[in-house]
Amino acid sequence: MQIFRTAGAAAAVVAVTAALAGCGSDDATSTSATGQLSGTVTVFAAASLTETFTKLGHDFEAAHPGVKVVYSFGGSSALAAQIEQGAPADVFASAAPANMQQVIDAGEVTAKPETFVSNRLEIAVPKGNPGTITGLADFGRTEPRIALCAVQVPCGAAAEKVFQISGITPQPDTREQDVKAVLTKVTLDEVDAALVYRTDVQAAGDKVQGIDFPESGKVINTYPIAPLAKAPNAAAAAAFVDYIHSDPAKKVFAAAGFDTP
Amino acid sequence: MLVLPALCALAFLVTPLIGLLVRTPWASLSDRLFSAEVGTALRLSLICATCATAICLVLGIPLAWLLARAQLPGRGVIRALVTVPLVLPPVVGGVALLLVFGRRGLLGQYLYDWFGVSLPFTTPGVVVAEAFVAMPFLVISVEGALRSTDTRYEEAAATLGASPWYTFRRVTLPAIAPGVIAGGVLCWARALGEFGATITFAGNFPGRTTTMPLAVYLALETDPDAAIVLSLVLLLVSVAVLVSLRERWIRGAV
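Protein chains in written order, with our numbering: chain A, 1 to 261; chain B, 262 to 515.
Hint data in this document are derived by calculation from the structure and do not stem from the laboratory. Every clue listed holds true.
Partner residues aside, some chain A positions facing chain B, computed with beta carbon under 10 Å:
(1) Ala78
(2) Ala80
(3) Arg145
(4) Ala147
(5) Leu188
Short, incomplete list of chain A residues facing chain B, as computed with Cβ under 10 Å:
(6) Ser77
(7) Ala81
(8) Val153
A quick note: this is a predicted structure, and the numbers were derived from the prediction, not measured. Yeah, the Cβ is synthetic: ideal placement off N, Cα and C, and Gly gets one too.
Excised from the complex, chain A in its bound form:
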């Protein structure tokens, strides 16, 4: 009887391991014989692309039935770090060339990245402007509650450049992981002012007011996109990247407030 109990325990362990391995498998496929795309396309995209990419994903799925677009939105530096550690992505769209370069240096991207949109910063204040913020100079005062992106995130790096150009030393109260986290602090009225992208102010609608400032035109964030070298679904990845560069996609980006090349 002892041998049966040992065998049973061993079988249980093997079964659990197999089940866990099954959890990790993906269903990415490539083109079939007829040239139809199928499977899942996993897109890692900067947080500021959330609304536009979600819409374009639906359009892409409508044009290619059989393909499902799955997203992971976040700070470009966090996404680049995940790709370096082997996250199973097909496409990477970063909010700055620096994070794309990080991924290229790690050997995860061999294709040439192409810029598809650019963006600029805008001051965001809660509805009603409770902190009576008038411009960039208010970011140098300690009284207002200020949220900025962390420096390693593209919008944080752009904000640093803007402050350097205007000679202001910012006094933030919190540094958030991506631009949407910063925007949330504004919509919740937890901070008096924040520096986010122009597209984020537009996406937030009337929960947030935007204040433009002259130095914003001097710091432009260009967004590169590239398929990943080890993409599980390379054919759909290439098709998705092509779609992002297409004219219908450009219209969606322009409507959201991005500048298209």
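Got chain A; can you put chain B on it based on the hints?
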């Protein structure tokens, strides 16, 4: 045969810790250990965890006494409510704290309008978040200790003329001391490791609200070796906490 699954469980729990030790950048360890970022985050973490534990002791021991000794109706419901932060995902706790103590929160708006005080993005905010998640540990531990002590000593003290406060100070507390110590140490360790509630409620700013777990999370994106060193420090603190909870000091309490 239970040995095989038990060995698998042991391997599952121990291997990540071994991996951390194996991947530590031993060559640059001393430089990184004494760098400014590690020092700032560690100091902030230790101060906040200690303050949070102090709050938990001052508020939690009376609550435990209430649950164990007082004849309240609905004690079971109160005990269940007290245990909620224990099972609540920490980030949900952070969101809840934000909705109550944020600038537009249920109570926070009065704090802000009347006193100009706002807890998010401040060090006291970190302490509040940590106390919220750590207090159930203390309350449960102390309540267990109270239930297991003999009330006859307290009754004897009362018949000898001691006031309730004197009895609590000189008879009850010494009797439950092992439970209080064990609960306090667990509370401190939980507060030290808190991440979700801290980053959601208190935000992230070096020296003010960036505790060690937040520093690890941030460092992982830019400098994985720094993240490993910070993780090692936290691991050593955790091991020290466990070693301190040795049975002969807290027999019968945990």
